[in-house]
Amino acid sequence: MKKEQKKRKKKVPGKTTSPPAAPAAKSSSRPNGVLPWSRIVGQTQLKEALAISYVEPRISGVLVSGERGTGKSTIVRSFALMMTDDLPVTLPINATEDRVVGGWDVGELLKSNPAWKQGLLEDANDSMLYVDEVNLLDDHIVNIILDVTASGLLRVERDSKTYELPVRFTLVGTMNPEEGTLRPQLLDRFGLMVDVRGLADTEQRRGVLGAVMKAATQPIDAEAIKSDEEEKQRLKKAKSDAATLDVEPVLASCVALAQRFGADGHRGDLTLALAARAYAALQGAQSVTREHVQKVAALALQHRRKVPGQRELLRWAPEDEAAVKETLFGDSA
Amino acid sequence: MTQPDLERLIDCVAVSDALDGMLLYGVSASMLEALADRLAAGLRRAGSRHVDRVWLGSADSEDALWGVPDLPRGWNAHGALLVPPKNTVRIVLVPDLSRLSLAAARAGVAVLGSSIVHLERRARSERLPVRHRWIAAVADADIGGVSRHLIERFAVRVRPAARASIDRIAALRGVVAAETKQSYPKPTAIARPSRRGQQVMPKAIEQALICVADSESGSLRPPLALLALGKAIALLDGLKQVDESTILNAAKALGLRLPSTREAAPAVPTPDATDSKEQTSGAAATATGTTEPSLVMQVDATAEADAAQDARPAAPEDTLVAPDWQLGTVTAPVDDAPEPEAAPRPREYATLRLPWQMSKTASSGRGTIVGTRRSESLQDLAITETLFAAAPFQNLRRKELESSSRDIILRRTDLRSYRRTPPASELLVLVLDYTSVAGRDWLDTLVPFLSDAYSSRAELCIVKVGAKKPQHWLRAERVLARNILVPSVAAALAEDAGTATPLADGLSLALRTIQHTFAHGRSATRRATLVVVTDGRGNVTLQASRDGQVAGRVGRQGIEDARSVARDLRTLTHTRRVLINPGSQYMRDLPLSLAASLDAELIGVENGHG
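For the record, the sequence lines run as chains A and B. Residue 26 in this note's numbering is what sits at position 26 of the first sequence, and the numbering runs on without skipping anything. Residue 610 in this note's numbering is what sits at position 610 of the second sequence, and the numbering runs on without skipping anything.
Simulated from the structure, these hints should not be mistaken for lab results. Keep in mind that a hint or two might mislead.
DSSO-like mimics (lysine-lysine), calculated; alpha carbons at most 27 Å apart, straight line [unchecked claim]:
id	chain 1	residue 1	chain 2	residue 2
1	A	Lys161	B	Lys399
2	A	Lys214	B	Lys240
3	A	Lys111	B	Lys399
4	A	Lys295	A	Lys232
5	B	Lys399	A	Lys214
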């Protein structure tokens, strides 16, 4: 994290550039309520989506939509803790614009020292930007995030200061659809979408409760820490392996699938291909196959489907899964 | 059935950080104060060095909640409602959750159940530990108006016992005579929570899951809250382990009526013998035997028996530890239970989303102020915010201009204007022919339109055709509402059918409303949706409605007049037209021909009779 801060300091231009904001204080122990990654029970699709987005950052984000109390936020935080040893850069729903894109440090200004304080979008560069309750975010802030994710460029023109720098981050948002959904433009910016549902399996529910209770009485779980470290290494290896995998054999399938579901533009095709490759790498496969595409189709397409006359997102249904199968493998499959 | 044991619950909240929110249905502000007194004492005994309290209401802004820049000193969080001083636990009292400000409601969602909160406001970037205990109240009638998302964040949700009328009089007499502040007795010995906490046995987890076995959703917050409560009870009772009987005690403290198979399970007796208190009937006996009047009275045996007979299952959103517990056996006290048919709850709750900004143009100067934003012009200027924005730069600007004047130097980048709730840009017109839907389950068909109206902040116009008690039986009536949450909307939807059906007059009223809205000088309405619920059998002519009297035989003239007005309605631009056919057994072609005249989408009511 500190390394990243130093790297960003060089990027900020202008003679009045000041040291970036001090990173948020790391807590010496694991934050309350955040389970180790290896202790998370169930929610396989969400875990896979986060892993895929790490392996292939160009996917540019995961939207986690689901009902209350399903552990959405806990899982995202747990993933960030495993990969970075810290909580993700978090954009709260009441964040002001100066904290999102950066602004003058008021405390320093009052001492006649013009110091610039970088915003959360810079803080999250090369990392994860986490927005809890993303559908409750101020429209104005949403627009800023849209601009930056679309262009990969943070252009700051405010308070007599102008600079720009390339910014890339994995946007992870959680939302409860009861409070309304997102605009299609923002939906499309999330590479993958996971529709999280409550665990129906009693054994899994029991497992979750047991893990939470255990974590409360055993703050340091050496076994889990070891497992998390192994998983982290596995993901890192998959990230480097993914670049070597040839995705050419499935490109036609990706396009056909995106067309079948009426996904606008090319982002659907691209996300499908990148996600399939990342998934293949995570599986340790030597090549990307249509089966890999099939596995990630719901993640990449469910929020890009054309739903005429509807404002609500439809859940991925067995018919959609059948359509994926038919498109990829034909009727005989 | 048992009643929730508020004192014990408050003590549990005092010793457990996991139980940071408590929601009480149908209690008064004075009761919250008394509970806060007890909670404060409990927190101190549990090891908190400092405890203070704040009240949250309908006007609290983000700045009031999180602090404001206090220039020239810098950031000032003192006085911020949700940022307590160091080493202080803050009790946050919400006297009416349904009237909580949007900023505070959003803060509740972010804070409750979290150990830290991220603050990224006005050049301030912090992770703050959350040291709060929220106690909120909401009236039964207002439950439907609160976001379920927010309600669900409260780990403990209870409906205190109803007071039998005889007890209320006694309590009132006692309070008047004593002229003292009502209060709860201070908690007795409370153990300090240890870092490791109590060990939770697998059977306790099993028991917690059994308690929520009927839950429709897969949310794990309810069993987790129950386990947290069990741990707190174990701590209070000096138990080292949390087993299934502790969980049963937790459920009991919440006033849950346990399934019969589990009622027989042995319960660990509690030191303060709360069980025996629950057996107390009738008089306003206090929970501890003191002479102070109790705020929570036991329902006497007769009342409880009556309640058991008439009780309704508590709705998911108003039941106990979580809305989706679906403990079918839980009953609400009959005194408190609003009749669903008599008092329909709002079908939509107040959203936690910020108002949409429909236009990027400068502030209109109308609408409620909900914040500020940067501005390029002087229109609707927020003077204080502008000065705050300019203040930090004054030293630099004076230096730059080599000015020694103390005047404030303003630049264009300092300008801030008010951000206001935008005027409605959509209009939903519902023409409801009550005579066509009597006995039918038609409201569900309207839900998508009401939802859209809600999410787009549409204005509403309900045209009542054939209602039971109209001002004039030959005329339709109109109800205008600025949004769907206005109570008159729910009332209009729940009206009974009368005899006459002045359908043509109703459609005419709808036509005039839409035309007026579009043509009105300062109206911002751009789109309208007209939804007509009718079987097309108008039996009052347009002329009769205008004259206020029937002249001769009506025949099919009422139907033909309705069609004629419908043809006028189809000429409206920017208007979506929908006809909902309730599915009458007679003259089935009428709705079809009316829909054709309207050029409307036709939707049938499913399931016919309700």
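27 Å Cα cutoff - pair Lys399/B, Lys214/A: violated, 61 Å
Given hint Lys399/B paired with Lys111/A - CA-CA distance at most 27 Å: holds, 12 Å
Satisfaction of hint between Lys240/B and Lys214/A, Cα-Cα up to 27 Å: holds, 15 Å
Hint consistency between Lys161/A and Lys399/B [alpha-carbon to alpha-carbon, up to 27 Å]: holds, 18 Å
Proposed proximity, Lys232/A with Lys295/A (alpha carbon, max 27 Å): holds, 22 Å
Checked against the numbered hints given earlier, this structure breaks only hint 5.
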